[in-house]
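Mind assembling these two chains? They're in different frames, but the hints should get you there.
So the chains spell out like this:
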Amino acid sequence: MAQLTMAKALNEGLRAAMDRDDKVVLMGEDIGRLGGVFRVTDGLQKDFGEERVFDTPLAESGIVGTAIGLAMRGYRPVCEIQFDGFVFPAYDQIVSQLAKMHARSRGLVKMPVVIRIPFGGGIGAVEHHSESPEAYFAHTPGLKVVACSNPVDAYFMVQQAIASDDPIVFLEPKRRYWEKAEVDTTGTPDPLWGARVVRRGTDLTLIAYGPMVKTCLDAASAAEEDGRDLEVLDLRSLSPLDFPTVFESVRRTRRAVVVHEASSSVGLGAEIAARLSEQLYYEMEAPVLRVTGYNTPYPPSRMEEEFLPDLDRVLHVVDTALRY
Amino acid sequence: MTVPEATPLVQLLTPEGERVHHPDYDVELTDEEYRSFYRDLVLVRRIDVEATALQRQGELGIWAALLGQEAAQVGSGRALRPQDFAFPTYREHGVAWCREVDPLHLLSLFRGVSNGGWDPQDKRFNLYTIVIVSQTLHATGYAMGITKDGAVGDPDTGEAVIAYFGDGASSQGDVNEAFVWASVYNSPIVFFCQNNQWGISTPTATQSRIPLYKRAEGFGFPGVRVDGNDVLASYAVTRAALDSARTGQGPTLIEAFTYRMGAHTTSDDPTRYRLASELEAWKLKDPLERMKSFLYKQQIVDSAFFEKVEADADELAARIRKGCLEMPDPDPVTMFDYVYDEMTPLLAEERAAFATYHAGFAGGGH
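Top line first, the protein sequences correspond to chains A and B.
Going left to right, the first sequence walks through residues -15 to 308 as the working numbering numbers them.
Going left to right, the second sequence walks through residues 5 to 370 as the working numbering numbers them.
Bound-form chain B, shown alone (with noise of 0.2 Å):
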């Protein structure tokens, strides 16, 4: 059903936890900077966990649970500069959390009070994009207009953009254009697919017959499958493929090979699809886990660390769930509102008749 296990997997840190070297990718990150990689994996997990609860309990309209891709989430999230560009679809909690957007305005957009309320300029991060893979076309214009600006060969100050999809995806025809144009235009992007072996109840080997990574080569750019669960590796293959895009190298696809180890969203139910043995399976790869053993081994953190960090994540969810439930709906009125930058007659038509016709109840409520 999967890849056979023998295509080639860029790892530094194994399942238990052992710190192992690869030829091409390696990172020499500070201790902070390790035990700062852990929190962020355990806070984004938390947010998820919380969200999922809210959806439970009513409080929002559905969401899709990031749980098992914090690892690819956060490790190319942080590979980030500050000026490069992101183009996320709906699940990219982990990056949005890198990006600095509010977990709140996520929530938002879940919970139908708004389209997500972030600014995607100030942020570098855009709107989540629910059509499937039409984003990676965006990335791929914002890119070309990077390489139009003169912002990219300066391995400090180029640009980069990073498209992240998944491995169903890879089917559309949008991410294909994309990887086309980005390659005849060399434009500074980076693809990001986390594989996370399912797109809703289809397994990847009905979207495709090869590992995704090798279909950059008929492209004509580089493509690498990375241990999605590897927050080490996903980090070290992002910032290398980042680098590259900045200083003019062009593109790069990474397979970001991982587990959804929820459901799809909140909506569905994959005991209907999969086996509890695959999910058992990869729960001993969980990117949690082997990131903690890591720690441990390296005796850089105590017990003190671990319960600040579960504090850390206390105390997040507790203002997300607080923030979600004092959440306000919207005024009903401005939906009319930036419709358009101009905004035409019969818009301004509809908005006063719908104004007065809320305003004849009692009140002016309904």
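Bound conformation, chain A alone (with noise of 0.2 Å):
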């Protein structure tokens, strides 16, 4: 077993996919030979050659309009987006070519791209370097949407978004690339659509993806010391949402904050907080709740900690819950 930091987690992961499967190319922006700006695909274009691993010029309709006709020629491309803010380009060929070929073609035309996209902020960037565009995705039927937050997750998530027939934006949180943990690369994965309970509580579950798995999980152990008990769900998949894992969780706590970075308003907690008053009506001792970014363009990074959930702010919105 190693120590891989997330980043390295899905370079090894991308490097099984390319090995198991010779029709799996890697495109993107300085992808090739510098590895990507986060050198996710660090050495991948040496082991493998430039007709799997290459550089592409630099317009993001044209990385995803090109992996769209690749897909049709057989190829399984992944493609990088180099930060959150630069997919809006892509837009019309995410959303209306690439997520609605299979039901246009009554499946006749399979879609198997991944679109990679590092996502969030909390890395003191400049701006368009800190989006968090799930919501976008997420609401789009045809596309699956995918986030890991932590490295072993990373390796085989990648993994399974490239082996399945859909379409999947695959959401990284680029301020853990860094954070590391034992990857067991012989281990079994979870399915890939599966949400997962990472600590088990009594009082309230925390239902987070991406980069906020890591600040429930602290803002769990923080309420420990106060003699609280709260679960915390990482959801893994977006798109389609594990609801019987997510109502078996809060149907044993009875209360639920959702965290996310993105803006609350038309949000993942949005829905999530829809679907369980949908169906826990009667069992649930306060309204869903929600911690996020605030409604505002996402701000200078003097101002971004401010702007992002963090430990004070979700324990804080815990009280509010505990206390109906």
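Simulated from the structure, these hints should not be mistaken for lab results.
None of these values were measured; they are calculated from a predicted model.
No residue lacks a Cβ here, since even glycine has one placed at the ideal position from N, Cα and C.
You may find that some hints are simply not true.
Here are the simulated lysine-lysine pairs, DSS-like style, with alpha carbons at most 27 Å apart [claimed, not checked]:
#1 B:LYS312 x B:LYS287
#2 A:LYS30 x A:LYS164
#3 B:LYS152 x A:LYS30
#4 A:LYS84 x A:LYS94
#5 B:LYS127 x B:LYS152
#6 B:LYS326 x A:LYS94
#7 B:LYS312 x B:LYS326
#8 A:LYS84 x B:LYS312
#9 B:LYS312 x B:LYS301
#10 A:LYS7 x B:LYS127
#11 B:LYS296 x B:LYS312
#12 B:LYS152 x A:LYS94
#13 B:LYS127 x B:LYS287
#14 A:LYS84 x A:LYS30
#15 B:LYS301 x B:LYS287
#16 A:LYS7 x A:LYS94
#17 A:LYS84 x A:LYS7
#18 B:LYS152 x A:LYS84
#19 A:LYS7 x A:LYS30
#20 A:LYS7 x B:LYS152
If you only want the chain B side, here are some residues facing chain A, beta carbon under 8 Å, derived [as the list claims (entries may be wrong)]:
#21 THR18
#22 GLU20
#23 VAL117
#24 ASN119
#25 LEU141
#26 HIS142
#27 ALA143
#28 GLY149
#29 LYS152
#30 GLY177
#31 VAL184
#32 ILE204
#33 SER205
#34 ALA209
#35 PHE223
#36 LEU350
Given below as structure tokens:
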């Protein structure tokens, strides 16, 4: 077993996927010789060659649009979008073309395309480098959206996403790229579409994904000192959402707080709150509350610590939920 | 308003049907082939006329007519080899005909019954793309895949791609990105731009200050303007460009200079933005009339031939009309199918709820 950063775990996962299937190709800006701005593809062009790991011109719509054509030709393209804020030039290709091709062709044209996007804030970056665009994609029929939160999931989930015949937006929490964990590459992965309880508790369920899972685990540890036993649930898949696991958890704890960096309005938290109210209306002790980024553009980085949910903000809302 | 007449134009057939020669492009076809080109022009126009009538009678939601663009489409479509792959817009009914896509599939799209319904891989003709020019990137990616497969180089078995778009589409970012991609990867692709002079109500002059074919030079590959109302020239130029692509010479931009003789779609009213005199001038360059004149001048047809073509067209139109009127509406529950390769629990739940809801009505219907 090796200690791997999330970036390295993704790298190893991509390598394993490319070893397994020679139709897997990696494409994106600066992913070849440079290895990507976060080094996730480091060394892969050297080992697999320029036909399978290639730098593209600097145009995101072109990256996704040509990936669609490559998929029609039988390839399994893995696109890297350099930063979350740069995905929007590809929005038509993702939402109107990639997501709909399977349905439009009544299943005759498959779209095994993965779009990797480093997402979220917390790294002191300049504007357009800290966005959380997941709701745009999770709202789109035909797309699937997943977010890894730790190196082990990163290693396996990227391989599972590549093996899927559905188009997948694969979100990587960029501020967790350098966090390490033991990764047993011989282990058996959990299903890609399943949420996971990462900390058992009895008083309330914190529901998070991507970068906020660690924040919630830290909050749960801090709450423990105050005698509060919080459960933490890592959604892992944002589309489809694994509601059976969410319901099972909240049925036990009877309280839920959803935590994400993205703005609250019409976001993942809203969808989860709606579903919980439909399913567990008589069983919950408190309304579903949310801890999210504010409904502002992502602020200049000297303000981002105030914008992003942190341990204190999570605990503050937990207190509110527990007062019901 | 339009580009000056002095711009070089590849032409093998004058509007009067005179066969002329060009130093770079030529065709030598058998008499039978010449006749079959004409037959295709007539049949695709007949499909178009019948579909327009069906729309007017309320049988189609909308129809995008190809009227006037038959030669550009039949010429380029017949230049494709079986192994080539075409990526159309929503007006490529003539190319669809050449790829042996049943016209009823096209009607099913505009009737609202399906999104096309043909197998794109089998026909090597992608589904129509409605969002202007998105398909040029798909075509380029497909062409990149051909190169990766090593299926380029051989003049007989090499594969090539053709991407269709129009003068209005030339302003979109995606086609310019496709030009960049195809150029730097030297992809086996032909960009076939039908400049029909109008993007709905917007003239080409609002899209470009230079002739569109000249844009290719800036991207690093050849561009050529062909008389898009001349089926022989459209065929010759496209065939040469496809052969260049399949043998590894990279992309070509073809600007087929033509005219949209009808409305943008059946929802459009061109009398609001263009002069009748312009249409009258283009009618003198009608692609069918010049081919007809050529066949007469070659003395390779007789009245029996034209009668037979007309009879074939009548038969085709009748089949289309009957097929359209008899086309069943899809079972609504099928909207849930094929959204994903692996269906999600949410969709399975919605599908079941939908079925239960409808089963609750008397007789299971509503």
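Against the structure, the hints come out as follows:
As the CA atoms of B:LYS312 and B:LYS287 are separated by approximately 24 Å, the hinted pair is consistent with the 27 Å bound. A C-alpha spacing of about 25 Å is found between A:LYS30 and A:LYS164, which places the hinted pair at or below 27 Å, so the restraint holds. At most 27 Å may separate the alpha-carbon atoms for a hinted pair to count; B:LYS152 and A:LYS30 meet this at roughly 17 Å. Only pairs whose Cα atoms come within 27 Å are accepted, and A:LYS84 paired with A:LYS94 is accepted, the gap being roughly 10 Å.
Between the alpha carbons of B:LYS127 and B:LYS152 the distance comes to roughly 22 Å, so the proposed pair stays at or under 27 Å and holds. Taking the CA atoms of B:LYS326 and A:LYS94, the gap is about 33 Å. The hint is violated against a cut of 27 Å. Restraint check: the Cα-Cα separation between B:LYS312 and B:LYS326 comes to about 21 Å, which is no more than 27 Å; the hinted pair holds. The suggested pairing of A:LYS84 with B:LYS312 is violated, with an alpha-carbon distance near 43 Å, which exceeds 27 Å.
With a C-alpha separation of about 19 Å, the suggested pair B:LYS312 and B:LYS301 falls inside the 27 Å cut-off, and the hint holds. For the suggested pair A:LYS7 and B:LYS127, the alpha carbons sit about 23 Å apart, so the restraint of at most 27 Å is met. Using a Cα cut-off of 27 Å, the hinted pair B:LYS296 and B:LYS312 holds, with the two alpha carbons roughly 14 Å apart. A distance of roughly 19 Å separates the Cα atoms of B:LYS152 and A:LYS94; the hinted pair therefore holds under the 27 Å criterion.
Only pairs whose Cα atoms come within 27 Å are accepted, and B:LYS127 paired with B:LYS287 is rejected, the gap being roughly 33 Å. Taking the CA atoms of A:LYS84 and A:LYS30, the gap is about 35 Å. The hint is violated against a cut of 27 Å. For the proposed pair B:LYS301 and B:LYS287, the alpha carbon gap of about 20 Å is at most 27 Å, so the pair holds. Proposed proximity of A:LYS7 and A:LYS94 is supported: the alpha carbons are some 14 Å apart, at most 27 Å.
Between A:LYS84 and A:LYS7 the alpha-carbon distance is near 22 Å, which keeps this suggested pair within the 27 Å criterion. Distance check on the hinted pair: B:LYS152 and A:LYS84 sit about 26 Å apart at the alpha-carbon level, within 27 Å; holds. For a cut-off of 27 Å, the pair hint linking A:LYS7 to A:LYS30 stands: about 17 Å separates their Cα positions. Between A:LYS7 and B:LYS152 the alpha-carbon distance is near 10 Å, which keeps this suggested pair within the 27 Å criterion.
With 8 Å as the threshold, the beta carbon of B:THR18 stays out of range of chain A, its nearest partner Cβ sitting at about 38 Å, so the hint is violated. Look at B:GLU20: its Cβ only gets to about 42 Å from chain A, farther than 8 Å, so that hint breaks. For B:VAL117, the shortest C-beta to C-beta distance to chain A is roughly 12 Å, which exceeds 8 Å, and the interface hint is violated. Restraint check, B:ASN119 versus chain A: the minimum CB separation of about 4 Å is within 8 Å; hint holds.
The interface hint given for B:LEU141 is met, as the beta carbon of that residue sits about 3 Å from the closest beta carbon of chain A, less than 8 Å. Taking 8 Å as the C-beta cut-off, the interface hint given for B:HIS142 holds, the closest approach to chain A being about 4 Å. Here the hint on B:ALA143 is kept, as its CB sits about 6 Å from the closest CB of chain A, short of 8 Å. Because the closest C-beta pair between B:GLY149 and chain A is about 3 Å apart, less than 8 Å, the hint holds.
Taken as an interface hint, B:LYS152 checks out: its beta carbon lies about 6 Å from the nearest beta carbon of chain A, inside 8 Å. Below 8 Å, beta-carbon pairs count as interface contacts, and B:GLY177 has one with chain A at about 6 Å; its hint therefore holds. Interface hint at B:VAL184: satisfied, since its Cβ lies 5 Å from the closest Cβ of chain A, which is below the 8 Å cut-off. Hint status for B:ILE204 relative to chain A: violated, with the closest Cβ pair at about 19 Å, above 8 Å.
Given the 8 Å rule on beta carbons, the hint for B:SER205 is violated: about 23 Å separates it from the nearest Cβ of chain A. Checking B:ALA209 against chain A: minimum C-beta separation of about 26 Å lies over 8 Å; hint violated. Nearest Cβ of chain A to the Cβ of B:PHE223: about 11 Å, over the 8 Å cut. The hint is violated. Here the hint on B:LEU350 is kept, as its CB sits about 6 Å from the closest CB of chain A, short of 8 Å.
Consistency with the previously given hints fails for numbers 6, 8, 13, 14, 21, 22, 23, 32, 33, 34, 35, ordered from lowest to highest.
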